[in-house]
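Asks: With the sequences and hints as input, model every part of the structure.
Quick note, the sequences are listed as chains Z and A, same order.
Heads up, the first sequence is in this note's numbering, so the first residue is 62 and it goes up one at a time.
Heads up, the second sequence is in this note's numbering, so the first residue is 62 and it goes up one at a time.
Some hints could be false.
Any copy will do: because identical chains look the same in the list, a pair fits if it lies in one copy or spans two.
[Unchecked claim] Cross-link-like lysine-lysine pairs, in silico, BS3-like; alpha carbons within 25 Å at most:
1. K361 to K346
2. K415 to K386
3. K226 to K415
4. K229 to K411
5. K403 to K226
6. K301 to K191
7. K229 to K403
8. K226 to K159
In case anyone wonders, no lab produced these hints; they're calculated from the structure.
2 protein chains.
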Amino acid sequence: MYKAAVIGAGYMGSAITFPLSANNIEVNLVGTWLDEDLIASSLAGYHPKLKKPLPGLVKPIYWQDMASAVEDVDIIFIAVTSEGFVNVFSQVLDAIDKNYYFFKLTKGLVEYKGSVVRATQAAHDMFKLKFPTLDFMWASVGGPVKAVELSDKIITASIYALNSKNLKDLAYGFSTDYYTITITDDIIGVEVSSTFKNVYSVVIGICDGLFKSTKEGMYHNFNAFLFSQAMIEMSKIAEKAGGRKETVFDLAGIGDFYVASMSGRNRRYGEYVGSGENPQKIFEKMFDEGEVAEGYLALKIGIEWVKSLGNNLINETPLLSSLYKIIFNDHDPIQELKNFTKEMSNRYRKLNIKI
Amino acid sequence: MYKAAVIGAGYMGSAITFPLSANNIEVNLVGTWLDEDLIASSLAGYHPKLKKPLPGLVKPIYWQDMASAVEDVDIIFIAVTSEGFVNVFSQVLDAIDKNYYFFKLTKGLVEYKGSVVRATQAAHDMFKLKFPTLDFMWASVGGPVKAVELSDKIITASIYALNSKNLKDLAYGFSTDYYTITITDDIIGVEVSSTFKNVYSVVIGICDGLFKSTKEGMYHNFNAFLFSQAMIEMSKIAEKAGGRKETVFDLAGIGDFYVASMSGRNRRYGEYVGSGENPQKIFEKMFDEGEVAEGYLALKIGIEWVKSLGNNLINETPLLSSLYKIIFNDHDPIQELKNFTKEMSNRYRKLNIKI
Numbered sequence: 062m063y064k065a066a067v068i069g070a071g072y073m074g075s076a077i078t079f080p081l082s083a084n085n086i087e088v089n090l091v092g093t094w095l096d097e098d099l100i101a102s103s104l105a106g107y108h109p110k111l112k113k114p115l116p117g118l119v120k121p122i123y124w125q126d127m128a129s130a131v132e133d134v135d136i137i138f139i140a141v142t143s144e145g146f147v148n149v150f151s152q153v154l155d156a157i158d159k160n161y162y163f164f165k166l167t168k169g170l171v172e173y174k175g176s177v178v179r180a181t182q183a184a185h186d187m188f189k190l191k192f193p194t195l196d197f198m199w200a201s202v203g204g205p206v207k208a209v210e211l212s213d214k215i216i217t218a219s220i221y222a223l224n225s226k227n228l229k230d231l232a233y234g235f236s237t238d239y240y241t242i243t244i245t246d247d248i249i250g251v252e253v254s255s256t257f258k259n260v261y262s263v264v265i266g267i268c269d270g271l272f273k274s275t276k277e278g279m280y281h282n283f284n285a286f287l288f289s290q291a292m293i294e295m296s297k298i299a300e301k302a303g304g305r306k307e308t309v310f311d312l313a314g315i316g317d318f319y320v321a322s323m324s325g326r327n328r329r330y331g332e333y334v335g336s337g338e339n340p341q342k343i344f345e346k347m348f349d350e351g352e353v354a355e356g357y358l359a360l361k362i363g364i365e366w367v368k369s370l371g372n373n374l375i376n377e378t379p380l381l382s383s384l385y386k387i388i389f390n391d392h393d394p395i396q397e398l399k400n401f402t403k404e405m406s407n408r409y410r411k412l413n414i415k416i
Numbered sequence: 062m063y064k065a066a067v068i069g070a071g072y073m074g075s076a077i078t079f080p081l082s083a084n085n086i087e088v089n090l091v092g093t094w095l096d097e098d099l100i101a102s103s104l105a106g107y108h109p110k111l112k113k114p115l116p117g118l119v120k121p122i123y124w125q126d127m128a129s130a131v132e133d134v135d136i137i138f139i140a141v142t143s144e145g146f147v148n149v150f151s152q153v154l155d156a157i158d159k160n161y162y163f164f165k166l167t168k169g170l171v172e173y174k175g176s177v178v179r180a181t182q183a184a185h186d187m188f189k190l191k192f193p194t195l196d197f198m199w200a201s202v203g204g205p206v207k208a209v210e211l212s213d214k215i216i217t218a219s220i221y222a223l224n225s226k227n228l229k230d231l232a233y234g235f236s237t238d239y240y241t242i243t244i245t246d247d248i249i250g251v252e253v254s255s256t257f258k259n260v261y262s263v264v265i266g267i268c269d270g271l272f273k274s275t276k277e278g279m280y281h282n283f284n285a286f287l288f289s290q291a292m293i294e295m296s297k298i299a300e301k302a303g304g305r306k307e308t309v310f311d312l313a314g315i316g317d318f319y320v321a322s323m324s325g326r327n328r329r330y331g332e333y334v335g336s337g338e339n340p341q342k343i344f345e346k347m348f349d350e351g352e353v354a355e356g357y358l359a360l361k362i363g364i365e366w367v368k369s370l371g372n373n374l375i376n377e378t379p380l381l382s383s384l385y386k387i388i389f390n391d392h393d394p395i396q397e398l399k400n401f402t403k404e405m406s407n408r409y410r411k412l413n414i415k416i
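Replies: Have a look at this one:
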């Protein structure tokens, strides 16, 4: 029987322990230095974010004991925020001297050696520096999974993007009757989806924030227009990055973006912005309360990454550009979204449709 | 300046008069024999479904005066339910003796000459029987447009699928600063999307109905899984019918399905079913109250249509099959959706993913 360590004791790290335990996999749940309270509380029998006790097979562990916590396991899940990813993975690599099956729950891009890259690219490079001759066995996990719901055993489907067929049976083996798993080889498609669904759900939140108090439920047309355009842009980004559109137009993209648009921190962050809060200040306020709007961070570094993909991709993502202007250039949300609409209208008219 | 007649004075027929009027197009809004109350009320200054007066350029007209109402116009919008479509269009054809620009707002499949076909197929056949030498100039209108919101001037994007380039400038000409229009030649893709988003939004409603009272907001993972699978199935149906996936993965499909999943009659119908109402009885009750759940009708005849497309398409639409069993074969909603999940899990495992 396999044993696993999960690095990061926040929402997703803790939630994944439920299907793992259901499959009789013992889990060392290692909190980072930011998770001390979560570990203390979990040891006392209650996880404060999931609002319930963790399964019996889970052992909450403080960061200081990370090295021994990964020593006798076969599988390592990385479930920290994108901001902490490079630092944490580097410390994990320092602590190990054999190979593992890695599963990444982190979503987003990372800054690595002066560039913005996908987390998997950074991890691959770091791993090969330490273990030049070992196979890097890595999965990026995506799909519509709200952590609390998973821990409540709500039916959930997740997509595992694998770089090695050695991970295939292992990944399927994490499934339960409420946790359905599908696999793909398109790591790029899954990673772009996971990152940009967080970004674009901010704009869905902005739309809600703009209208919710004055037009209850009465702006779905606009939201759907934004949702549809976001999907188009996400698929273009994924394709340009080397992934596949089909991945975006399935669980990893549509599914995950749908769930992120319904609820969650990024959407909530957007709602605050739409209702007039200062984009920087409200991000920091949420951050201080332990609620990291990953979409903000992903947008901040993602816009440059999109530009770096070349071929004028940035010109094909007008919604992304408008969102950036709202969040980082002080553009008024409603005015900017009206500009976006006008821009789309002009683009539609210029389409060369043969009829 | 063009003049238009809109046939059908329900939600969508009345709502389209707002952007038309904004473009100085005079509109004869013709109610069918089922719309007498709507016309009477509109004449008195208030449209009871849109809950507001119609624009000044709109003339509400009773069915008995349909022939004269279409006589001096250039454009005819058809905005009746799919059930009434063939009958109404046939009467319109009887009343006219010249060509028009037709725009279809009706969504769904129709029964025509003993078969189930897309409404456009029926209309084309009927038109050519009457006018064998005239060009059939026809647009199927799709995209995420809730009628009340359009009449409230919420930003809305719509896609017009045209069979003739003569309609191009005309269609763009209906746009306003709140009503953005894009065009395509993929009538099939738009029609399949418009029809099946109504069908699949029933299952989103069922999921809500099942859980809403007990797990407030706590079933988004499951809903997103269903949403994503619905999109996949819709794209397969469109492709098999001769349309394009890209159309489904844009405003016509994703956008319209998103808005239908947020709110509307089909979703509400599904909610009733999920909360335990008898699927037939509650459809009839809503129908009697003037609220037609088009998704129910489309599913009823659509399942046979999907089968008729051949190549085992029906085996690639397991969610559609499950929904049919819930609505028409008395299957218990939660048990059937669990069966669907198990089925998907098995299918995922059988996928031949090369890694």
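Asks: For every hint, state whether the structure bears it out.
Replies: We went through each hint and held it up to the structure:
For the identical chains of this complex, K361 and K346 are intra-copy neighbours only, at 17 Å inside a copy versus 51 Å across copies, given an alpha-carbon limit of 25 Å. For the identical chains of this complex, K415 and K386 are neighbours neither inside a copy (34 Å) nor across copies (41 Å), given an alpha-carbon limit of 25 Å. Proximity of K226 and K415 under a CA criterion of 25 Å is satisfied inter-copy only: 8 Å between copies versus 44 Å inside one chain copy. Taking the shortest alpha-carbon separations for K229 and K411, only the inter-copy value of 12 Å comes in at or below 25 Å, while the best intra-copy value is 46 Å.
For a Cα distance limit of 25 Å, the shortest separation of K403 from K226 across copies, 23 Å, qualifies, whereas the shortest one inside one copy, 48 Å, does not. Proximity of K301 and K191 under a CA criterion of 25 Å is satisfied in neither setting, with 30 Å inside one chain copy and 50 Å between copies. In the homo-oligomer, the alpha carbons of K229 and K403 lie at most 25 Å apart only across protomers (19 Å), although the nearest pairing inside one protomer, at 47 Å, exceeds that limit. In this assembly of identical chains, the alpha carbons of K226 and K159 lie at most 25 Å apart only when taken from the same copy (19 Å versus 66 Å across copies).
Hint compliance for this structure: hints 2, 6 are broken, all remaining hints hold.
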